[in-house]
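Protein chains in written order, with my numbering: chain A, 1 to 314; chain B, 1001 to 1294.
Bear in mind the hints are in silico, worked out from the structure with no lab data behind them. Check before you lean on any hint, since a few could be wrong.
Said to hold, decoys possible - One-sided excerpt, in silico: chain A residues whose CB lies under 10 Å from chain B: (1) P32; (2) L33; (3) K37; (4) D41; (5) T48; (6) M49; (7) I50; (8) G55; (9) L56; (10) A57; (11) R59; (12) R61; (13) E78; (14) T82; (15) F173; (16) G241.
Claimed, not checked - Derived contacts from chain B toward chain A, CB cut-off under 8 Å, selection only: (17) S1132; (18) A1134; (19) L1139; (20) D1140; (21) S1163.
Backbone N, C-alpha and C fix where the C-beta goes; we use that ideal spot for every residue, glycine too.
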Amino acid sequence: MDYQETLARLAEADERIVVMTAENRAAIRDLPLRLGKRFVDVGISEATMIGAAAGLALRGRIPVTHALATFLTLRAFEFIRTDVGIANLPVKLVGGVPGILSEANGPTHQAIEDVALMRGIPNVCVFAPADELELVEGMQHIVEHPAPWYVRFNSCAAPVSHSPFQIGSAEQFGDGNDVAIVTYGYLLGEAMAAMRELEALGVNARVVNMRTLKPVDTELILHVAEETRLVVTLEDHFRTGGLYSIVCELLIANRLAAAVFPIAFEERWFTPALIGDVLEAEGLRGPQIATRVAGALEAESMTPAAGMFNGLRG
Amino acid sequence: MSTTLNYNSLPEADEAQLRTTALRVREHIIRMATGGGCFIGASLSCADLIVYLYGRHLRVAPSRLDDPNRDYLFLSKGHDVPALYGTLAELGYIDRDRLAAHLSPNDAIYWHPNRRIPGVEFHSGSLGHLLSVAIGVALDIKMRGTDNRVYVIMGDGELNEGSIWEGLLVANAYGLDNLVGIVDRNEFQANIRTEELIPLEPLASKFEAFGWSTERINGHSFQEMEGAFGSLPFESGRPSMIIADTVRGRGCPSIEWRADRWFMRLGEEDADLLMRELHGGEGGTLAAEPLVVR
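Could you build the full structure based on these sequences and the hints that come with them?
Below you can see the structure in the form of structure tokens.
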């Protein structure tokens, strides 16, 4: 069952659900016919869509809004923060082509600060599915959840078979104790490939798929940091405010010292190209990630601080 | 324009009662300008509109604040909220004594509206938001097929915001004839005249061009309000806009039409002086520092 079929069935079963879009219909093109008046397209006006969604939510509706992730989270940011966030209304914010999924569109379309922005708003939760299967399963929970949610839309094919979805619960693949690659969204497949490469190099790895970034699975992150020599955060997001920041915040708040190696975009936009070429150009292919991680592990084992970290952990 | 109004006449006794309520509301506004102060000029300009709407027109009452079939009023230019606080106090939505808690950290009566005050439908303060929120409410009312309406008061300076013009387009596209925009046309931005900064005129034809059926009235005449609001919607299938010409600082001649009397913190003597002016007494020179006009 694909995304729009899922949304159609949810809406048909629950008359509170209204599907909205700022003329971004690719993933929901059949819904006007299915939902009638409960499909609202406001045209290319993200801010007005969010304000209107707040108004609909005041009347008891659950608006599921759609726009490209960058315009949704940036153009309409203040409407999300002020109308949805302050009022804590159950508006669902579905951002299309987030992160590297914007491919060759260039920096205007690169939503790579979206996680930082959305998680920074009190009450707003964040869901970053790895693929369409996870998106579809997660949406069923998120639509009925009373909070406002940002959904980093991703309808790609699943690279793994997932454990059942639960809000605030990450899933782990493998149990290697040398390195943990913690990631979310589209890069999960590359993380899995990197894990296999690392195993071939004799490095025991595991992969953590975060699924929801807020609420975050604190327990699993701390557990992973204690059990492995190196935590790698892998994300198609700026290094500031995303998963790297989340993990660092958790470690500090829990007085746990660990070596954390971020793979993210540092103070720059990524190379616009078709997705395979973006991965290649940015060093985000599985084997490339494995090489970067192996190098970081090597450097980590040679730093004097490593001993200090290990001592603290003991 | 101006051809659709019925001009139902407002019975004299009702008009007198609205006048009395408006006078009480202006007294509240002046009192709220003491202590930490308030946006007195804009509050006085829209006081008559808000008194008319709550006192005569809106299908809402303290007893039916949760009724989904009530009319909704959104105050998009949120800094004029003392006019709303005063009206809600006079009409029994909140206790009059509560106004003494203006700016107290122990209550929710501050410089911008919020939903902790009975009768306030939504928070505002950031300009250009509530037209879109009102559109959402109006859309839902249309989906449910009831006959209640949604009103949104905007400032004329607020019309600088692009989101207003997005909202005008969307409301027209969805034929929201249950939506009523009201512009408090006091001719001032925060601290400069609109026409000197970002000219709005001809304003009515702008709204008309965006598909809104528009009327222009004197925003201090209850008779004209009765005519305009009594004729809603101006056209079936189109949203309605009422441009209400008003006077900033209305009721206190020494601060009327003054760019530098936008936000004021009044001492007791100044408050007494404005109170005297309000009741037709002689004016004077205020001790309060005027705001620097850019």
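Chain B contact restraint for E78(A) - C-beta distance below 10 Å: 6 Å, holds
Closest C-beta approach of T82(A) to chain B relative to 10 Å, hint status: With Cβ-Cβ at 5 Å, under 10 Å, it holds.
Agreement of hint L33(A) with chain B interface, Cβ distance less than 10 Å: 17 Å, violated
Hint check: 10 Å Cβ-Cβ cutoff, F173(A) to chain B: 42 Å, violated
When the least beta-carbon distance from A1134(B) to chain A is tested against 8 Å, hint result: 6 Å, holds
Per-residue hint verdict: D1140(B), partner chain A, C-beta under 8 Å: 4 Å, holds
Closest C-beta approach of D41(A) to chain B relative to 10 Å, hint status: 9 Å, holds
Restraint check, 10 Å cut-off on beta carbons, for G55(A) near chain B: For G55(A), the interface hint holds, since the closest Cβ of chain B sits about 2 Å away, which is under 10 Å.
Hint status (Cβ of S1132(B) to nearest Cβ of chain A, threshold 8 Å): 3 Å, holds
Restraint check, 10 Å cut-off on beta carbons, for K37(A) near chain B: 5 Å, holds
Agreement of hint R59(A) with chain B interface, Cβ distance less than 10 Å: It holds, given that the least Cβ distance between R59(A) and chain B is near 4 Å, below 10 Å.
Interface hint outcome for L56(A) [beta carbon to chain B under 10 Å]: 4 Å, holds
In this structure, the earlier hints numbered 1, 2, 15, 16 are contradicted, and the remaining ones agree with it.
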